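Chains as they are written, first to last, in my numbering: chain A, 1 to 69; chain L, 1001 to 1337.
For the record, the hints were derived by calculation from the structure and aren't laboratory data. Since the model is a prediction, treat every value here as computed from it, not as a measurement. C-beta: ideal position from N, C-alpha, C; glycine also. Each hint should be verified, as a subset may be incorrect.
[Stated by the list, open to error] Non-contacting residues of chain A with respect to chain L, defined by C-beta distances greater than 12 Å in every case (computed):
#1 28
#2 33
#3 56
#4 57
[Claimed, not checked] Pairs of lysine to aspartate or glutamate, DMTMM-like flavour, derived with a Cα cap of 25 Å:
#5 25(A) x 1270(L)
#6 1166(L) x 39(A)
#7 1166(L) x 1300(L)
#8 52(A) x 1113(L)
#9 1263(L) x 39(A)
#10 25(A) x 35(A)
#11 1263(L) x 1333(L)
#12 32(A) x 1271(L)
#13 32(A) x 14(A)
#14 25(A) x 1171(L)
#15 1263(L) x 33(A)
#16 52(A) x 1300(L)
#17 25(A) x 1271(L)
#18 1166(L) x 14(A)
#19 1166(L) x 33(A)
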Amino acid sequence: MSDEQPPVEITVYENGPAIVRGAYKLQDRDRKEIDPGRETIALCRCGLSALKPFCDGNHALRGAARSAF
Amino acid sequence: MRLPAPRGPVSTALFACLLGEPGPVPPQLTELADALPETTADARSDEDVQISLWTCYGLTYDGFHGVDERWEWQPSLLAVRGALEAVFERDVLAEVRLPENLTPERVPAFLMDICGPATPAGLLKFMHQNATLDQFKELVIHRSIDGLHEADAHTWAIPRVTGRAKSALIEIQADEYGGGMPGRSHAELYAILMSELDLDPGYGAYIDQIPAVALSIHTLRSMFGLHHRWRGGILGNLAATEIGSSFINRRFSEGLARVGASKKARWFYDEHVLADAVHEQLAAHDMCGTFVADYPAEWDRVVIGALATLNIRGLFAGTVVEAWAADVTSLRELAAV
């Protein structure tokens, strides 16, 4: 078996987050590691998440859907 | 688990039959099953139909104390189950309106649109801002039939799909089962939620209090999951469950915190926030989108599966909200013993 770690893979979803898999390292501006507690993560792209940098599904609040809640 | 209490003539005859030796069912049960299309107004909210169907499926999940396991594949009983499913499917489809001009390529975007944060009957907003701890407990009891078996009905779909849709389904399901880590499956987190709220986490502990509209959330998944011709439907059901789930679960967790529930109790909901932000994309695009591209003749099944799921969720939410507005319990009252 190879010791090589899987390459980082980032998938961008239309009107949704970027999903990140593989041997990524997530850190804040001070290079302090952020532990997501899971392997595959969704990163917010719309700015509406209350749990940034992670996506929390709040992109659904854009536009007409905002009034539904 | 014990057999539930019967709720009408079909379940009375069915449960009496299940306590005997597997074999042909009594003619009376067959006659009742054959008459279901005439005797059932809406199978989604029919107590007798739903408890009977839930019990038939229960043979395939957990089984029941005192019921011979060979009943599961007894042809005469499968015929009764088929009659229950036929009337359920009839009434599920009667409420589904397929959108005009929808093409397979647009299915993922359509799913994301319809499964957004619109909240049936305002139940989510109520739970977030107004519900009492007792009302949370009621809701957790309603959903226990499904929550304590979370993900299982969707697992039936795994051997029925291929390629990238299967990979996406597996990625979602692996998370649902806690990545194989003991104690981390979502069903186990649901049991923790129940224990933390001083509820009995044993499967079926509250079955006699759970109304048809709550059972139908689970029987719909089971029906889709157990029939190959509904493989698109079970994928649509999973998509409707995952899309918008982060949004919904975060508000449930905040509502529970508002009434003083522990962090441990809220774990089930908190776990879904980050997990389902990934799952909703996988479900809509990689799973359903790829499935309809690979099997274009089945795109409508995926959409029907999602719409039927949302309809039943709305029916359930409306029933609960109506009961609470009238200041009564949304659970079934236990018959005096």
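### Message
When the structure is checked against the list of hints, which entries are broken? Sort them ascending.
### Response
As far as the earlier hints go, 3, 4, 11, 13, 16, 19 are violated by this structure, in ascending order.
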